[in-house]
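S.K.: Below, each chain spelled out in residue letters.
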Amino acid sequence: MAGGKEITTKIRSIENTRKVTSALEMVSASKIRKSQDLMNATRPYARMIRRVMGHLSKANPEYRHPFTVRREETKKVGYIIVSTDRGLCGGLNTNLFKLVLGSIQEWQGKGAEVSLVTLGKKASAFFKNIKIEIAAHASNLGEKPQIEDLIGSIKVMLDAYREKNIDLVYVVYNDFVNTMTQHPVLEQLLPLPDTDDEEIRDIWDYIYEPDAEALLDTVLVRYIEADVYQAVLENLASEHAARMIAMKNATDNAGELIDELKLVFNKARQAAITQEISEIVGGAAAV
Amino acid sequence: MKHTIRCDIVSAQEEIYSGEASMIFATGAVGELGISPRHAPLITQLKPGPVRVQQPDGEEAFFFVGGGILEVMPHIVTVLADTAVRADDLDEAAALRAKEEAERELQDQTGEIEVAEAQARLLEAAAQLRALEQLRKKMSR
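Chains as they are written, first to last, in numbering that gives the first Met the number 0: chain F, 0 to 286; chain P, 0 to 140.
FYI, nobody ran anything at the bench for these hints, they're computed from the structure.
It is possible that some hints are incorrect.
Between beta-carbon pairs, the in silico distance windows are [said to hold, decoys possible]:
#: 1; chain 1: P; residue 1: H2; chain 2: F; residue 2: N139; range: 42 to 52 Å
#: 2; chain 1: F; residue 1: D216; chain 2: P; residue 2: G18; range: 51 to 61 Å
#: 3; chain 1: P; residue 1: L95; chain 2: F; residue 2: R85; range: 21 to 31 Å
#: 4; chain 1: P; residue 1: L122; chain 2: F; residue 2: G254; range: 15 to 25 Å
#: 5; chain 1: P; residue 1: S139; chain 2: F; residue 2: T180; range: 29 to 39 Å
Nothing here was measured: the structure is a model prediction, and the numbers come from that model.
For glycine and all other residues, C-beta sits at the position ideal for the given N, C-alpha and C.
With these hints in hand, go ahead and build the complete structure from the sequences.
M.R.: Here is the structure:
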């Protein structure tokens, strides 16, 4: 029987692959929910810190924090790249890196240098190969990322910005739209884009403890950290969704392939039987 | 006149408390704070410590914050709590760790080979499946 054994081996190996992919699919499906909840839980903080920022800037219109001042010249650009630790999530990381590379090339064309902070192993592995400076890195953030794990990496960027080593900072991540759609996005983190002021109520001034400038600084740093944290969570939800879809496709493909191979196997077996019979019949006729 | 004030306590990771309060106690950067309704507008940094919220029914809610910012507005008190204990030198240490992590990552050529290898194999299998699928479609056309 020609190729019978090879076909069964192949079928078995594809069946094993299918087991893995369908397990990964189910794991991701259950994790999407949790990461979405995490994402939603950060919203109140973002809303309130934006409100406090608005109040502060309105109470101190004369003071401009370095984070809000646009630099005339951009000599060096920083990117905070949020990626995943693990692969097997379709084109999620690749699409993101393409977007970053496009922006990097644009800035390099204008003569600016580039510095990166990578979150997640995939980003560091990718950008280390193409020899772009990585200033800081954090990975293994897990299923429930903690803001503590991000503080260090963000501070590296903020310090560089304060010292005017970097004039512009972007954060890049995958925006979770829904389970089927995730968009790579590039957002300007620093200088802070102008926000629309909410309606001006009566004018007041605060009692500041310790002083207005230190407070504004703290609030802005927290705001940026919350922003990056939100990006990490969006990316996490995107990762699970993308993996679920990628693994679902792989599982489906494996199933179809197995059916096909079974058909080939059955045909081969039938052919062998037919041949055997005709040999016997032929042999009997010859006798 | 109401003798309560709205109080929201949030951290970057979750909403901790939201409701009416008759008095709020916290540890500010320059001293203990007790905030009752109609307190003057105030904004202050918080030190790591407890935040107590006296609810109108006499119950008291108790939270620990690792620092943060407290804002008092005429109609609302907002506490932006830090989940981690923050201090300049601690942040500095974290930044240093992140830098070291980057260097390690750059030098690390061999780390986690097994996982990477297994993953590569699975990836290859998935790619094979896809290729076969495409081939099959082309053949059947």
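S.K.: Is the distance from the Cβ of D216 of chain F to the Cβ of G18 of chain P consistent with 51 to 61 Å?
M.R.: Since the Cβ atoms of D216 of chain F and G18 of chain P sit about 30 Å apart, the hinted range of 51 to 61 Å is violated.
S.K.: Note whether the CB distance of S139 of chain P and T180 of chain F lies within 29 to 39 Å or breaks it.
M.R.: holds (30 Å)
S.K.: Does the Cβ-Cβ separation between L95 of chain P and R85 of chain F fall within 21 to 31 Å?
M.R.: holds (27 Å)
S.K.: Is it true that the C-beta distance of H2 of chain P to N139 of chain F lies inside 42 to 52 Å, as the hint says?
M.R.: holds (50 Å)
S.K.: When you take the CB atoms of L122 of chain P and G254 of chain F, is the distance between them in 15 to 25 Å?
M.R.: Since L122 of chain P and G254 of chain F have Cβ atoms about 19 Å apart, the given range 15 to 25 Å holds.
Of the hints listed earlier, the one the structure fails to meet is number 2.
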